[in-house]
Structure formats: structure tokens, C-alpha cells
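Engineer: In the order they appear, the protein sequences are chains A and B.
Under numbering that gives the first Met the number 0, the first residue of the first sequence carries the number 0, and numbering increases by one thereafter.
Under numbering that gives the first Met the number 0, the first residue of the second sequence carries the number 0, and numbering increases by one thereafter.
Worth flagging that the hints you see were computed from the coordinates, not collected in a lab.
This one's a predicted model, so the numbers in the text were calculated from it and none came from an experiment.
Do not rely on the hints blindly, as some may be mistaken.
Treat identical chains as interchangeable: a pair holds within one or across any two.
In silico DSS-like cross-links for lysine-lysine, where the CA-CA straight-line distance does not exceed 25 Å [unchecked claim]:
1. 300 <-> 101
2. 83 <-> 474
3. 106 <-> 26
4. 248 <-> 87
5. 431 <-> 26
6. 370 <-> 317
7. 54 <-> 26
8. 455 <-> 342
9. 291 <-> 310
10. 71 <-> 6
11. 83 <-> 375
12. 54 <-> 444
13. 58 <-> 444
14. 92 <-> 136
15. 54 <-> 6
16. 293 <-> 474
17. 92 <-> 429
18. 92 <-> 248
19. 77 <-> 352
20. 257 <-> 95
21. 222 <-> 474
22. 106 <-> 257
23. 26 <-> 414
Chain residues, written in single-letter form:
Number of protein chains: 2
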Amino acid sequence: MMTFKPKKIPIRVGNRYIAILNENNAKELDVRTAERIILTVKSKEITAIVDITEKNELKDNEIGLFAETWDKLKITTKDKIRVKPAQKPKTDKYIKAKLEGKPLTAKEIDEIVEDIVNDDLSDIEMTYFVAGCFARKLSDRETVNLTKSIVKHGGQLKFKDKIVMDKHCIGGVPGNRTTMIVVPIITALGYRMPKTSSRAITSPSGTADTMEVLANVTNEASKLKKIAMKVGGFITWGGGVDLAAADDKLIRVRYPLKLDPQGMLLASIMAKKFSVSSNHVLIDIPIGPQGKVKDKKDAAKLKKRFFTIGKMLGMRMKVIITSADQPVGNGIGPVLEAIDVIKVLKNEPDAPKDLRDKAIKLVTELLYLTKKYSFKYQARKTAIKTLESGKAWEQFQKIIKAQGKRRMPKVGEYKFVVRSGRSGKVTMIKNKLIATIARSAGAPKDPGAGVYINKKLGEKVRKGEALFTVYAENKTRIGYVRNLEYKKAYTIK
Amino acid sequence: MMTFKPKKIPIRVGNRYIAILNENNAKELDVRTAERIILTVKSKEITAIVDITEKNELKDNEIGLFAETWDKLKITTKDKIRVKPAQKPKTDKYIKAKLEGKPLTAKEIDEIVEDIVNDDLSDIEMTYFVAGCFARKLSDRETVNLTKSIVKHGGQLKFKDKIVMDKHCIGGVPGNRTTMIVVPIITALGYRMPKTSSRAITSPSGTADTMEVLANVTNEASKLKKIAMKVGGFITWGGGVDLAAADDKLIRVRYPLKLDPQGMLLASIMAKKFSVSSNHVLIDIPIGPQGKVKDKKDAAKLKKRFFTIGKMLGMRMKVIITSADQPVGNGIGPVLEAIDVIKVLKNEPDAPKDLRDKAIKLVTELLYLTKKYSFKYQARKTAIKTLESGKAWEQFQKIIKAQGKRRMPKVGEYKFVVRSGRSGKVTMIKNKLIATIARSAGAPKDPGAGVYINKKLGEKVRKGEALFTVYAENKTRIGYVRNLEYKKAYTIK
Chain A
0 MMTFKPKKIP
10 IRVGNRYIAI
20 LNENNAKELD
30 VRTAERIILT
40 VKSKEITAIV
50 DITEKNELKD
60 NEIGLFAETW
70 DKLKITTKDK
80 IRVKPAQKPK
90 TDKYIKAKLE
100 GKPLTAKEID
110 EIVEDIVNDD
120 LSDIEMTYFV
130 AGCFARKLSD
140 RETVNLTKSI
150 VKHGGQLKFK
160 DKIVMDKHCI
170 GGVPGNRTTM
180 IVVPIITALG
190 YRMPKTSSRA
200 ITSPSGTADT
210 MEVLANVTNE
220 ASKLKKIAMK
230 VGGFITWGGG
240 VDLAAADDKL
250 IRVRYPLKLD
260 PQGMLLASIM
270 AKKFSVSSNH
280 VLIDIPIGPQ
290 GKVKDKKDAA
300 KLKKRFFTIG
310 KMLGMRMKVI
320 ITSADQPVGN
330 GIGPVLEAID
340 VIKVLKNEPD
350 APKDLRDKAI
360 KLVTELLYLT
370 KKYSFKYQAR
380 KTAIKTLESG
390 KAWEQFQKII
400 KAQGKRRMPK
410 VGEYKFVVRS
420 GRSGKVTMIK
430 NKLIATIARS
440 AGAPKDPGAG
450 VYINKKLGEK
460 VRKGEALFTV
470 YAENKTRIGY
480 VRNLEYKKAY
490 TIK
Chain B
0 MMTFKPKKIP
10 IRVGNRYIAI
20 LNENNAKELD
30 VRTAERIILT
40 VKSKEITAIV
50 DITEKNELKD
60 NEIGLFAETW
70 DKLKITTKDK
80 IRVKPAQKPK
90 TDKYIKAKLE
100 GKPLTAKEID
110 EIVEDIVNDD
120 LSDIEMTYFV
130 AGCFARKLSD
140 RETVNLTKSI
150 VKHGGQLKFK
160 DKIVMDKHCI
170 GGVPGNRTTM
180 IVVPIITALG
190 YRMPKTSSRA
200 ITSPSGTADT
210 MEVLANVTNE
220 ASKLKKIAMK
230 VGGFITWGGG
240 VDLAAADDKL
250 IRVRYPLKLD
260 PQGMLLASIM
270 AKKFSVSSNH
280 VLIDIPIGPQ
290 GKVKDKKDAA
300 KLKKRFFTIG
310 KMLGMRMKVI
320 ITSADQPVGN
330 GIGPVLEAID
340 VIKVLKNEPD
350 APKDLRDKAI
360 KLVTELLYLT
370 KKYSFKYQAR
380 KTAIKTLESG
390 KAWEQFQKII
400 KAQGKRRMPK
410 VGEYKFVVRS
420 GRSGKVTMIK
430 NKLIATIARS
440 AGAPKDPGAG
450 VYINKKLGEK
460 VRKGEALFTV
470 YAENKTRIGY
480 VRNLEYKKAY
490 TIK
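One chain only, chain A, in its complex shape (with noise of 0.2 Å):
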């Protein structure tokens, strides 16, 4: 135990309580960078990492602390803060043992769970728990308790019908807003689906995204459940409601490797579906040499693991592999594809029909999930009849007004139009630099902003024809996008 004199350094650096030694106190408590050590003031005591620093920067016996533990213990500039070394979380003898190879039991999953979520392993930790889960992958028994920790460490909401619908698409497709038109449709039918969504994150915009320019998408847990009980449904941004509190942290590690340990991302979603009370799931996965996933044989492993983990967890599992050869809709980019969405919904003419008819299979595919109808084609006429009579764009516009209505912003009014070079079909678009110009436009920041695709895979095009057009808000934008080589997005022949 020694005494320490406390300096403020003025800022926040996240959660996670640090604190300042210099070499020399540090050698005295015999700790190193990134152990912990407890600090006590009056009666208050917390956990915090040691960050050292050299032996001028801090005179022996003062500790260097972020505003965060200033706050958090209270503390002036007269208190004196007694600190011992902590121990070592037990968390990690079991990440190492899993970077050795050795699976993880329901209890050591579930411990290092509570460790991140209480903030009790440093970065390097949960960077080498992440990087065992992906060097040495989850079974799908450790997905399994994973999921489970993962929605037992945060927020749930509980619902008690025997019916609760979700969907999840692993994403890679562009333009892919379905969740807008499916969770209208079987809502109207009187089903209750709580669906939580994802900003984007490397992508033009994410549900959550597109959501946001016509509704507030950030509403706490207890409204969201009255919002559910009112009208079935809602469409939201899951990192609005803490219902996965351990995978936001960990998303944090994961990013600069873009790490995506398989078992974890199944975990992550279905975390998210385990936490509204979920049980008939449908899972989307695109595949192409342009999606996540680029084969068949990656694909049925994929929809096994789904099916299984689903299983264990007693949901009632569908699982469905599609195109992930070019954009679904026309409108990639918050605003644009929120036009896309409401012309489905009020079938209006030039309404894009692969995003219409993809929604419709899979809302079939949900209502078939339930057992209800003995052939498909009847779940199907079902979910045409909702959308053609008006009754899911009435149940979409309830939705907005339960979640709170926002004005829709404009289509950014600066806009470039990429033309053919040539006469011939279109062959091939590439998903990823039409997801990087719509980014470089603008989207999902600028929710105007975004790409307009005037011609689709097979459609045949003249010379000088508009192959599709880029939007932004502001001319510095549009000056980004001719910097890259957008020319390549279409391939004509």
C-alpha cells in the first residue's frame, strides 16, 4: 500500500479507469503497464489500469488520473489515494488457455462476458480474447453460451407472445433496406417484431441509417417495449437499447483488424435476437464473389451453424441464401433508399421491383416459419395482399409516428452522372466501389448523399447512357468522388 498525491489530466478517454505512475513508483508497487491496481479515497475504491510514464513527467508519489475516476471517486485535489496492487482478473489464464487451443467452458465464457462488461479487462486483453476466438474459432457450443452470456450481461427486452419474428441479413449488399417493408407487413398481420438494426459501419448506410431520416431511432428500452405492445413493432438502433453491451466492446479490438471471428459475429446477432425474446428467425445470407460470403460450400456451412445455434437456443430457425451480385433497390444512401422503401410500401409504379419482390420471399418465408399455412405459395399471397391493399404502409406510417416522425431531409442537390463509354449489357457491377463512392459522397454522414443506380445486372445500355448517379450535399464531396476510379463500378459488354 503507498500514498499518492493525485493530478488531474483533463480529459475522458473512454470507460475504463487509468491511472498514471512514474517508473519509479511503479517499480515500488511492482506493476507494469496494463496491470491493474486498486485505488481507495475515504471509502470509495476502484479498479484501474496502470498506464507508466517517465520519472519527470510525474514526481514520486503523484498519480496522474482521467477526469473519468476525478469523477468517479470524488476526488479534490487534497485527497490522498492510497493504492495496492490488484490481482490479475482469473479471465485471463482462460484467454490463454483458448489462444492454446482449449475450448471454453459456460463458465469461463460467461466470466470473461462480465469482465468486459464491467470494464475489467484492459485492450490487450479482450484484443487476445478475440484474437483466440478467431485463430482458434468457437464451436457452436461456445457460441451457444456466448449468446448467452452476452444477453445475460445486458439490456433485454421480454415479451410473452408465442410469436416473436426477426431477420438478420449478414449484409455486403448495398441498398438492401428490407427490414423497412418486412417489419410493416407482418406487424399489419398482427405478429410482434422487435427489430433492432446496425449503423453502418464500413457501409453507405445501415438500417438504423435509413430508419433515422424518417424516425427518431434511439429510444430507451421501456419505450421501445410500450412501442411494441402499441402497434407490434418497431425498426431501431440495437446500440440505442445496450442490448449487447460485451460486443460493442469488443467491436472496439475487432475494428483495426477488421477481426470477424466467425463464432462471434454469430453470437452478435444472436445476442440481439435472444435479448427482444425472439423465437422465429429468419437469416439472410447474399453470396457471390462480391459478398461476405463467396461460395456455396462457405454458405451451407454458414446456414448449418445458423440453424444449429438457433436451435440451442430454441428459436425456430430459416435460413436463406441469396444474390449478392449488385444493389437491391435503386437508392444506396440513407435518403435515397428511404424513397426506394416508401415507394414499395405505397406501390407506386416505379417502385424497385428486386427490393419489392426480395422483401416479399422473405416475409413468406417468415409466415411459412410459423407453421400457419401448409403450402408456401399461400404464406406468400398472404404477404402480396398486406402490401398491395395499403395496410403495411398505414402500419409503417404508425410505426414512424410510435418511434417519433422526423421530417425526411432532401436528396443532396449536388449530383454527377456516370455514363456508359460504350453500347452493350451490363455485366457486372461492383458492389464495393458503389459502396465506396456513396461513402465518398457523403453517406451515411450527409444522409442525402449517396448513388442513384439508373441501370441494373442485364439491362442493356447506349452509349452515353446514365449508368447511375451520385448525389452529395456539399461540391467538395462530388470533387472526392471523381478522385476515384469510379468508371470501374460497371462493367459493359
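Could you slot chain B onto chain A? The hints should help.
Structural biologist: Leaving out everything else, chain B in the frame of chain A:
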């Protein structure tokens, strides 16, 4: 490109440049935690790692910079900082591939090491690299390439001698200070032996700590070269010469999980030999239930790896397997160990026989490695003669003088004798517990602290006779030891 007003955070947190942005600005720049940005002030430019704070912590367009960044860019509060996102280091790809199980090429390893040395990798990225090397292992080829890269990107001491000797013990045995006897004998015989050693990390003393009670161990490379040219060799702290900068940085992230990827460990050891031009290298692997290596099979594997890698590096190698069953010598802790060494070198009658025998064994192997002796007993005779004639002691004093003699501190004045509770024979001495006791007594920070072994394995002991004696420089430390289960250190049967 955005422009920011700098806000100084008045502390240094390490070599890496860290820049803090608020959430808004991070979004605008499209950067995330641990991503990189390029900061430009006037004509100066650096790459910094991003940390993100809440909106109310930093104003929009205000950037938080720690003291090292402030100094490096010579910032004044009036300056404007231009900021743009930087490319991800391409080594991220290699690190991810290693985690996936793909071997690394020489070029890939070299680029990773270069990035590490230049502080271009964040802790998270370095952690993934260590995890990859641990979970996927490094082949001999990868290990050799890692060794060469560490040497290339660190300091070097070049000697042109046909014979440059070196030795290394993988550790785990308290009191094992043979180096301080081997180097004087070898250099007294006219061979070059530029020996770098480590300080204790978790042990009660490293060779550098023990040597430091007699001589300065932090001479610069140029001075060390002169010393070795003048008196044949030195015994210095490796960390003081920056021979393996990459290695030191990796140790920081290895420490939290105490992760020792074997290839990385081997590269770290061999790089230190290679960087001082050693070409005749003896490796000592102590084995036993208490050692770092538990059994003969593992020892044989490790022996083979050392041998292969040394050969690939153009070294003449000898690897011996010794016992890790009890401490070597009687003293444990810097001053107590130095006293043992001096007694052996001065041929005093109470010099610890086991330490003397082991040192002679090591010298014999090194001499025999030169191929100048037809039979090992001849080499052994030379070793003994050099020691017994007093030449080694004379030579040790020359080395001390060349490095800078220090006045040896006293043995701690507080002591505590642990006596046998019964009569019998010593059948076990627990190395780890003895090390913990010596460390709790204050070693290596308090050089006079430690443990003196009164009875060794196999010795007869009467009830009430001293088994070992604890020395400390202050009373509190004796109290710490009394809190340990010190009685369990010995088994008497």
C-alpha cells in the same frame, strides 16, 4: 483535411503519438478508435493514433494532444493543426493472415518489425501479432527471419573476431549467476565475449541486476565496443544498448497474459546474440518439474530448435540440459548473488560448489565448441586452471573497472531465519516460492534483500537447524515475507 485547435494534455504516455478527437470530428474525418491520422503543423508531419472522447470533452475542431506530440511538432497554442486520415499500415493484412494460419514471408516479417520499431502499430495491432505467433506458432524459418529483422532494426555491435562467444540460460532457476564467472574465464583466455543480460522481470534478480551492484551496466554501445576491444568482454544490461528495440516493445503487450510464443522467445534470445556478432553460442536449458521446461521431451524439442535456428544464423551451437531442481549457489538477490560469484572467482573455501561446477561446465562446453581441443577434459582443465590461478578474478576486476566500478551495497540488515520443524533430509526446495520470498523481501529493488540457502537438496538437517535465511533492507519487508507460506519452501523427509 480538417483544421484543429490544439489542446495540450500535460503528460507523456509512451512513445506512440496519440491524438484525441471528439465524436463529431471523428465521424467527419471518418476515423475510429485506434485508426491513424496525419497531423501537420507548418512543415512538420507525424502519424498519430486516434482516441475518441465524448462531445463535451473537446470542442468541435479541438484536438487533444499529449506532451510528446506537442514537443515533437513544436506546437504553440496559436498553431492550427491540419488533420487527415492516414492509410492503415499494410502489415495489418499480414498479421491477420498469420492469425488465419498462413506463414509469414521474410519481407512481411521485416515490414511488421519495422512498423513496430517506428511506433506505427497500436497496442491492439501488436497484440494481434503476438497472438498470431502464439496460436499459430512460428516455424524455424519464420523465427530466423524475425531474428534477423529484430537485429536489422536495432543497434548492433560488430566484432570481426572468428570467435565471439556467448551463452544464454532460459531461466527459471534462482541464484544461477554463472555468466559472471564464465565471462571472466573466457575473456582471460583471450576470447571475445560481449555479454548482454536482462534484468529481473518476475524473478528476484537478473544477471544485469546482480552485476549492477559491482559495476555500471548501462554503458552506451560505443563505450561497450571499446570495453570489449580492451578487456575482451563485458557483462551489461541488454536493455541499455537498445539491441532489440522491437523485442522490448513486444514484451509490453506479451506481459499482461504472460504470453511467450516460443518462436518469438527464440528470436528475442538469438537476436541479442546475433546483434553482438556472437558466433559460438552455448544455450543452457534447465529442466525439472519446477523449471520452465518440465520434461526431457520438451527439452529435446527446444534444443533442436535452438540448434537449427543458430545454424541458420551461421552460429556454432551447443545446447545443454541442466537441472532446475533447486537454486544454484546460496545467495538469491543481487548482493547475495554477487557475494557467491566473488567467492567462486577468488577460490574461497566456502564458495558454493554447485555454482562453481556449473560455471566450469559451461566454460568447458564453450571452449570445446572452438574445436581447439581434441577432448573435452582438456578444455575442462584449461577452465579450472584459469579459475584457480586467479586469472579469472583478475580479469573480472578489469571488466568491472572498464564498465565503471560501483561500491557494493551491504546485505540487508534485517534477517529472519527459517528453521526445520523436524530432522531428516531435504527432498525438495520450491524454486518459485523461494523466488517469491526473495522478491517480497525487496529483491531486486533493494539490492541487499533476498534469501540465503543454508541447506541444499539431499543435505541432512536436524530439527531447529536453519534451512534458509531471509534478508531485507527494512522491517516492513520482513513482515511481507512472514505473510507468505514460507514454511512450504522446503520438504524434509
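Engineer: Which of the numbered hints above does this structure break?
Structural biologist: 3, 11, 16, 19 and 21
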